[in-house]
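Protein chains: 2
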Amino acid sequence: MKNRICALFGIEKPIIQAGMIWCSGWELASAVSQAGGLGIIGAGSMYPDILRSHIKKCKKALGDLPFAVNVPMLYPQIEDLMEIIVEEKVPIVFTSAGNPKTWTAHLKDKGIKVVHVVSSLKFALKAEAAGVDAVVAEGFEAGGHNGRDETTSLVLWPMVANALQIPMIAAGGIASGQQIMAAFSLGAEAVQIGSRFVASAESSAHLNFKEAVVAAKEGDTILTLKELAPVRLIKNPFYAKLQEAYADGAQAEELKLVLGRARAKKGMFEGDLEEGELEIGQVSGMIDNIKPAALIFDELWKEFQEVKSKAIDW
Amino acid sequence: MKNRICALFGIEKPIIQAGMIWCSGWELASAVSQAGGLGIIGAGSMYPDILRSHIKKCKKALGDLPFAVNVPMLYPQIEDLMEIIVEEKVPIVFTSAGNPKTWTAHLKDKGIKVVHVVSSLKFALKAEAAGVDAVVAEGFEAGGHNGRDETTSLVLWPMVANALQIPMIAAGGIASGQQIMAAFSLGAEAVQIGSRFVASAESSAHLNFKEAVVAAKEGDTILTLKELAPVRLIKNPFYAKLQEAYADGAQAEELKLVLGRARAKKGMFEGDLEEGELEIGQVSGMIDNIKPAALIFDELWKEFQEVKSKAIDW
Numbered sequence: 215m216k217n218r219i220c221a222l223f224g225i226e227k228p229i230i231q232a233g234m235i236w237c238s239g240w241e242l243a244s245a246v247s248q249a250g251g252l253g254i255i256g257a258g259s260m261y262p263d264i265l266r267s268h269i270k271k272c273k274k275a276l277g278d279l280p281f282a283v284n285v286p287m288l289y290p291q292i293e294d295l296m297e298i299i300v301e302e303k304v305p306i307v308f309t310s311a312g313n314p315k316t317w318t319a320h321l322k323d324k325g326i327k328v329v330h331v332v333s334s335l336k337f338a339l340k341a342e343a344a345g346v347d348a349v350v351a352e353g354f355e356a357g358g359h360n361g362r363d364e365t366t367s368l369v370l371w372p373m374v375a376n377a378l379q380i381p382m383i384a385a386g387g388i389a390s391g392q393q394i395m396a397a398f399s400l401g402a403e404a405v406q407i408g409s410r411f412v413a414s415a416e417s418s419a420h421l422n423f424k425e426a427v428v429a430a431k432e433g434d435t436i437l438t439l440k441e442l443a444p445v446r447l448i449k450n451p452f453y454a455k456l457q458e459a460y461a462d463g464a465q466a467e468e469l470k471l472v473l474g475r476a477r478a479k480k481g482m483f484e485g486d487l488e489e490g491e492l493e494i495g496q497v498s499g500m501i502d503n504i505k506p507a508a509l510i511f512d513e514l515w516k517e518f519q520e521v522k523s524k525a526i527d528w
Numbered sequence: 215m216k217n218r219i220c221a222l223f224g225i226e227k228p229i230i231q232a233g234m235i236w237c238s239g240w241e242l243a244s245a246v247s248q249a250g251g252l253g254i255i256g257a258g259s260m261y262p263d264i265l266r267s268h269i270k271k272c273k274k275a276l277g278d279l280p281f282a283v284n285v286p287m288l289y290p291q292i293e294d295l296m297e298i299i300v301e302e303k304v305p306i307v308f309t310s311a312g313n314p315k316t317w318t319a320h321l322k323d324k325g326i327k328v329v330h331v332v333s334s335l336k337f338a339l340k341a342e343a344a345g346v347d348a349v350v351a352e353g354f355e356a357g358g359h360n361g362r363d364e365t366t367s368l369v370l371w372p373m374v375a376n377a378l379q380i381p382m383i384a385a386g387g388i389a390s391g392q393q394i395m396a397a398f399s400l401g402a403e404a405v406q407i408g409s410r411f412v413a414s415a416e417s418s419a420h421l422n423f424k425e426a427v428v429a430a431k432e433g434d435t436i437l438t439l440k441e442l443a444p445v446r447l448i449k450n451p452f453y454a455k456l457q458e459a460y461a462d463g464a465q466a467e468e469l470k471l472v473l474g475r476a477r478a479k480k481g482m483f484e485g486d487l488e489e490g491e492l493e494i495g496q497v498s499g500m501i502d503n504i505k506p507a508a509l510i511f512d513e514l515w516k517e518f519q520e521v522k523s524k525a526i527d528w
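Chains A and B, in that order, give the protein sequences.
Taking this note's numbering, I'd label the letters of the first sequence as residues 215 to 528.
Taking this note's numbering, I'd label the letters of the second sequence as residues 215 to 528.
Think of the hints as simulated: they come from the structure by calculation, not from any bench.
Be aware that one or more of the hints could be misleading.
Note: identical chains are not told apart, hence a pair may lie in one copy or across any two.
[Claimed, not checked] Simulated pairs of lysine-lysine, DSS-like, Cα-Cα distance not exceeding 27 Å:
{"id": "1", "residue 1": "216", "residue 2": "524"}
{"id": "2", "residue 1": "227", "residue 2": "524"}
{"id": "3", "residue 1": "431", "residue 2": "336"}
{"id": "4", "residue 1": "431", "residue 2": "315"}
{"id": "5", "residue 1": "505", "residue 2": "470"}
{"id": "6", "residue 1": "449", "residue 2": "271"}
{"id": "7", "residue 1": "340", "residue 2": "431"}
{"id": "8", "residue 1": "336", "residue 2": "449"}
{"id": "9", "residue 1": "449", "residue 2": "340"}
{"id": "10", "residue 1": "216", "residue 2": "516"}
All values reported here derive from a predicted model rather than from experimental measurement.
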């Protein structure tokens, strides 16, 4: 295999489905791995026993096919999660939102492949130094939590890919074969796709949220809450409340009060489009339908091949 | 010619140098047109008689080769500029920052090709309806004045290219052959490059500013002054003053006072890196040297061809 990411994970095609809170359980992860890519269970919104159950179901559905678990390192019971991951022999872990030094060596000692998600060249270099097998470089256009430098994928990807020895997986703003082609043009050896798979049949997102993703047009998302942790979300009535707080000069403590607890669950899992937090990427403006993940996967791959075949004429 | 932009402008290679205030006079524009692309005189920072002199020098240097003038439509004496452009038989005009309906028909009646710069699909469709020959679609990562939707190039370009009948020129975040390849992957038929040409020998930017562009690393620019007109600039002591004003809860009127007058000239043309406004794109983090424009042009084209030749293996 020429592609280092396909070789590393033992997958056919270098398309990875992002681990996302409330959206990516075992159904979505196993559908993407079965299609020939890498599916990821998003552990950030799961209690430890729920994660174990999703891993078991994924293993049962997939047999020998690989899958991964995404672990945001801010997770309060992270030791429990990591113990389950090792016990259940999860082959690949994607870590995010924390220091890659903390868990990389431990996981690699157990034979687990480790990938760390970054939003800047600086953190990419730190991840490489910490011994990870690959990095995901995610640009400003991505949904959910995001970097402080606001570097877009077009600028971030070549900076990271050209500076690192280990392979880079491109994320943020990818929902079409054209965008996959752009990612490879910029040095990526694989792509990680989130928003497009939120609007899939197998995603565990509430149907209301999937439909809100389909309805979103350009300019309907924004990166906000920069005083706490920057997050990209759909501008809905909850966001309007945040805007009122900003207009009143709210600082971090007051913003925390407005945010409250469990807003993301309320929006994305329970389908409350008014009061919930609806995390999604800018590329939602290009997503027009809800389809089975395998169909999305095959269309993305076909589009990528079509664009590639035209490149000779540019 | 297969490329519609090359055919439209009568140029050899689909690389356009952006018209930029204080940086792109006749020396830069003629160097880029001589290299086989399209050079643009940025009229936004020129009094009418200065513009006329730059046009005359460009025509003298170029003979029959094409060039363009960029006109921000907020320019106070815009009628005078447009009269000079028609009198001097400028073959191509790029309009920006205003309604494309206002001048397109008038210019086209005089046989002038018209291109309008947009930052959203919505404005791209309006420009097409106004009868322009092509649009420049410019993403969030671009330097200088920028759109309110904050849509990045990776998301904006395919939305615009796929929706319009007229050709799209991609701008914002392009300073390498990899990024040109990405632009073409996303439907562009040409690229417009700003920041990279600021750091050229022929750019009229002050050497201090050129060196600041070379010194800039990732995260060193930011889109700010969103309450007035969003602008991307280098975080320097002037920006720190803006930050202080924001921290004190400053609204639009107070921000205008902090901004004052002629900050852009002070920074980019007079080289005051402390008090001046230093408008540049995120991609400045990838620019490491100051070179003759023709050399930059040839390297970009060579890199693009090299990346293209590798695509078959992706």
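Now for the hints, and whether the structure bears them out:
Taking the shortest alpha-carbon separations for residue 216 and residue 524, both the intra-copy value of 22 Å and the inter-copy value of 13 Å come in at or below 27 Å. Proximity of residue 227 to residue 524 under the C-alpha cut-off of 27 Å is found in both arrangements, the shortest distances being 20 Å within a copy and 18 Å between copies. Taking identical chains as interchangeable, the C-alpha atoms of residue 431 and residue 336 lie at most 27 Å apart only when they sit on different chains, with a minimum of 10 Å there against 32 Å within one chain. Only between protomers do residue 431 and residue 315 lie at most 27 Å apart by alpha-carbon distance; the minimum there is 24 Å, versus 39 Å within a single protomer.
With identical chains, the CA atoms of residue 505 and residue 470 are never at most 27 Å apart, being 36 Å at best within one copy and 49 Å at best between copies. Taking the shortest Cα distances, residue 449 and residue 271 never come within 27 Å of each other, neither inside one copy (35 Å) nor across copies (50 Å). In the homo-oligomer, the alpha carbons of residue 340 and residue 431 lie at most 27 Å apart only across protomers (17 Å), although the nearest pairing inside one protomer, at 36 Å, exceeds that limit. In this assembly of identical chains, the alpha carbons of residue 336 and residue 449 lie at most 27 Å apart only when taken from different copies (18 Å versus 30 Å within one copy).
In the homo-oligomer, the alpha carbons of residue 449 and residue 340 lie at most 27 Å apart only across protomers (24 Å), although the nearest pairing inside one protomer, at 34 Å, exceeds that limit. For the homomeric pair residue 216 and residue 516, the shortest alpha-carbon distances inside one copy (19 Å) and between copies (25 Å) are both at most 27 Å.
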